[in-house]
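**Student:** The chain contents come next:
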Amino acid sequence: MIFSLAIYGAPYASQAPDTAYQFANAVIASGHKIHRIFFYMDGVQNATKLASPPQDEADIPARWSRFILDHQIDAVVCIAAALRRGVINEEEANRYDKPSSNLAEGFTLSGLGQLVEAGIESDRLVTFGY
Amino acid sequence: MIFSLAIYGAPYASQAPDTAYQFANAVIASGHKIHRIFFYMDGVQNATKLASPPQDEADIPARWSRFILDHQIDAVVCIAAALRRGVINEEEANRYDKPSSNLAEGFTLSGLGQLVEAGIESDRLVTFGY
Amino acid sequence: MILHTINKSPQHSAISACLRIIGKGSAILLIEDGVYAAISPSPFHNQLCDLKIYALEADIKARGLSDKVLPGIETVDYQGFVALTAQYDSVQSWF
Amino acid sequence: MILHTINKSPQHSAISACLRIIGKGSAILLIEDGVYAAISPSPFHNQLCDLKIYALEADIKARGLSDKVLPGIETVDYQGFVALTAQYDSVQSWF
Amino acid sequence: MMNPKSFLIINRHSPYQTNSAKEALDVALMTAVFNQKTSVLFMDDGIYQLLKKQDPTDITQKNSAATFPMLEMYDVDAVYVEQASLEARNLNEQDLLMPVQVIDSESLRELIENQTIILNF
Amino acid sequence: MMNPKSFLIINRHSPYQTNSAKEALDVALMTAVFNQKTSVLFMDDGIYQLLKKQDPTDITQKNSAATFPMLEMYDVDAVYVEQASLEARNLNEQDLLMPVQVIDSESLRELIENQTIILNF
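Chains as they are written, first to last, in the working numbering: chain A, 78 to 207; chain B, 78 to 207; chain C, 4 to 98; chain D, 4 to 98; chain E, 820 to 940; chain F, 820 to 940.
These are calculated hints, taken from the structure and not from any lab test. Some hints here could point you the wrong way.
Here are the computed lysine to aspartate or glutamate pairs in the DMTMM-like style, where the Cα-Cα straight-line distance is at most 20 Å [stated by the list, open to error]:
no.: 1; chain 1: E; residue 1: K881; chain 2: C; residue 2: E60
no.: 2; chain 1: B; residue 1: K126; chain 2: A; residue 2: D133
no.: 3; chain 1: B; residue 1: K110; chain 2: C; residue 2: D92
no.: 4; chain 1: E; residue 1: K872; chain 2: E; residue 2: D896
no.: 5; chain 1: D; residue 1: K55; chain 2: E; residue 2: E932
no.: 6; chain 1: F; residue 1: K872; chain 2: D; residue 2: D70
no.: 7; chain 1: D; residue 1: K27; chain 2: E; residue 2: E925
no.: 8; chain 1: E; residue 1: K872; chain 2: C; residue 2: E60
no.: 9; chain 1: A; residue 1: K126; chain 2: A; residue 2: E167
no.: 10; chain 1: C; residue 1: K55; chain 2: F; residue 2: E929
no.: 11; chain 1: B; residue 1: K126; chain 2: A; residue 2: E167
no.: 12; chain 1: E; residue 1: K824; chain 2: A; residue 2: E194
no.: 13; chain 1: D; residue 1: K27; chain 2: E; residue 2: E929
no.: 14; chain 1: F; residue 1: K881; chain 2: F; residue 2: D923
no.: 15; chain 1: F; residue 1: K824; chain 2: F; residue 2: E929
no.: 16; chain 1: A; residue 1: K110; chain 2: D; residue 2: D92
no.: 17; chain 1: B; residue 1: K126; chain 2: B; residue 2: D136
no.: 18; chain 1: F; residue 1: K881; chain 2: A; residue 2: E198
no.: 19; chain 1: D; residue 1: K71; chain 2: F; residue 2: E912
no.: 20; chain 1: A; residue 1: K110; chain 2: A; residue 2: D147
no.: 21; chain 1: E; residue 1: K824; chain 2: A; residue 2: E198
no.: 22; chain 1: E; residue 1: K872; chain 2: C; residue 2: D80
no.: 23; chain 1: B; residue 1: K110; chain 2: B; residue 2: E198
no.: 24; chain 1: C; residue 1: K64; chain 2: B; residue 2: E134
no.: 25; chain 1: E; residue 1: K856; chain 2: E; residue 2: D894
no.: 26; chain 1: A; residue 1: K126; chain 2: B; residue 2: E167
no.: 27; chain 1: F; residue 1: K856; chain 2: F; residue 2: E842
no.: 28; chain 1: B; residue 1: K126; chain 2: A; residue 2: D174
no.: 29; chain 1: D; residue 1: K71; chain 2: F; residue 2: E906
no.: 30; chain 1: D; residue 1: K55; chain 2: D; residue 2: D92
no.: 31; chain 1: E; residue 1: K881; chain 2: B; residue 2: D133
Produce the complete structure using the sequences and hints provided.
**Tutor:** Take a look at the structure:
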């Protein structure tokens, strides 16, 4: 089966990033495919490369980056939600005249249409709410 | 009277950043002093300089920066909460080997002791919860 | 005597928690989504007569509640909010 | 037939909202703080017999509830979660 | 593209406290842009999004009701309001800023079972 | 420094779903480090922080109970649990992982009026 995931919660504000990560791994382990993981609302904070949690806590953004690269997942961060909340790549940093960027490796900024398309093209769209 | 403010909510996830900002202005307008504004928990997201909200929405972090500089406010972002959530200055970027930083002008990263000290030294500590 | 702020709608546990422990002579200021309690007779039903209840005007107006605020609830602006925090001995926030 | 996930404790409105609209033959999977409903007799009181209710094992164990889960609630691991989402026609998340 | 799916966007949260109301509506409009069959349901505190006379200028936010006319423009199929949520808040249809279909729990149960994709906010 | 103030840290939220439990406890310990008179109260879903046998390894989090022994080490004055919250959750003192003072609403009202600073989490 083809799955897509939507994640609305930020690390530390919500358990959604933990649960979705375990679920995504279980999807792969069960032999299904992941069409897309879509990060929306405060979920865009999963995609920062500037987090440095204590060594005895999970590094949630880094863990996503590895998962996305290892399994070649299409990981889309809603660009409108991300711009509002300060998660940007170099291109947007240039466009908005910002001195730096913070989008972690593996994530792509794109439009909300990618969430709807994921709903249309997947057998299951599973939401992990804040 | 001497006031301190504690802010726990992130822009868009909570109205705390709006209410606290209006309250801080009213404190000044009422002739009181602000000893410190302390950003804790998800409230650390108020201090990013990378947010680019749409033109018809308030730019909450930029608005704080101006307020802090205009009124010479001690604006402290809890360093432990901020490191976890990816809000860092250049010094921490170097220490943790991160490629960039995102702390906006006017904000200082410091320890949780600054919240307790604010409670001890101020006549009123007002919390704006998430 | 304490000023208690509440920023969540009556659907959440913040209001009932505050009402369980609030002492005589203390007051409540409804802010943000807390102002929805200002149009709903239930949460303060038994306590309205004993308690002083305020609501933040900007939040009342934002949410379209100006015509619906229950009698006995006084609205204040942000400077009124500051004055209340100064008037009471301390402020406790329920969220 | 829908699999409904609930991630909030019974103190929140998510569970009662879900119970108001859930149809026969659909099921509930308690995840995250939703698992606190698995030890509390009240929320499912009238519906336990009609509804299939699952709870996520990792969240039950994390919260110290392993010995307290009510009879009739089946625990599943993350792969069981995936299997349930495949088994039902769609998944709806309450939060 | 395949046959259109039916999307139901459920709004259970109040406006202004969080950005949920605005970001939910953006999803509803986007499903309509993709020519899907879209409907929107308000329940619990989501009802508050529909109240008349909202004016959030003093809290420096945009009116959450400002994009509602877009729902019609984009041919959104139906706007529902759960009757139980309305009653629990001491409100009625006259308090709402646009015409909606007030729906009881029984009909709601049927409506929900017939959607391909339900997105909660 | 002035005379010590009395701090009451109130925990109303569950562990794990958010970081509130950990960050509240950090504040409690910090007030103790500053030699203030500190007490901690658990009410509503905050009660769940005190349940025995928590093991969050499978959700890759730290045990929220791990720092509780620090409360004693730092001379935190008292740990209270609201009776009404305990009862509402069908729990009793035997379910909790450390000795606490179960307190009724009447005594709680008195306790709260006598604090200089109350911090809710």
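**Student:** Can the restraint linking K881 of chain E and E60 of chain C be considered satisfied, given a maximum Cα separation of 20 Å?
**Tutor:** 17 Å, holds
**Student:** CA of K110 of chain A to CA of D147 of chain A, is that 20 Å or under?
**Tutor:** 14 Å, holds
**Student:** With the threshold set at 20 Å, check whether the alpha-carbon distance from K881 of chain F to E198 of chain A stays at or below it.
**Tutor:** 37 Å, violated
**Student:** Is the straight-line distance between the alpha-carbon of K126 of chain A and that of E167 of chain A 20 Å or less?
**Tutor:** Within the cut-off at roughly 13 Å; holds.
**Student:** Would you mind confirming whether the straight-line C-alpha gap from K126 of chain B to D136 of chain B stays at or under 20 Å?
**Tutor:** 10 Å, holds
**Student:** K55 of chain C and E929 of chain F were given as a pair; does the straight-line alpha-carbon distance stay at or below 20 Å?
**Tutor:** 19 Å, holds
**Student:** Would the hint linking K856 of chain F and E842 of chain F be met if the CA-CA limit is 20 Å?
**Tutor:** 19 Å, holds
**Student:** Are the Cα atoms of K824 of chain E and E194 of chain A separated by 20 Å or less?
**Tutor:** Between K824 of chain E and E194 of chain A the Cα gap is close to 11 Å, so the pair holds against 20 Å.
**Student:** Is the straight-line distance between the alpha-carbon of K126 of chain B and that of D174 of chain A 20 Å or less?
**Tutor:** 11 Å, holds
**Student:** For K881 of chain E and D133 of chain B, compute the direct alpha-carbon distance and say whether it is at most 20 Å.
**Tutor:** Roughly 8 Å between the alpha carbons, so the hint for K881 of chain E and D133 of chain B holds.
**Student:** Is the straight-line distance between the alpha-carbon of K856 of chain E and that of D894 of chain E 20 Å or less?
**Tutor:** 9 Å, holds
**Student:** Within a Cα-Cα threshold of 20 Å, do K55 of chain D and E932 of chain E meet the stated pairing?
**Tutor:** Holds, because 16 Å separates the two Cα atoms, which is no more than 20 Å.
In this structure, the hints that do not hold are numbers 2, 4, 14 and 18, in rising order.
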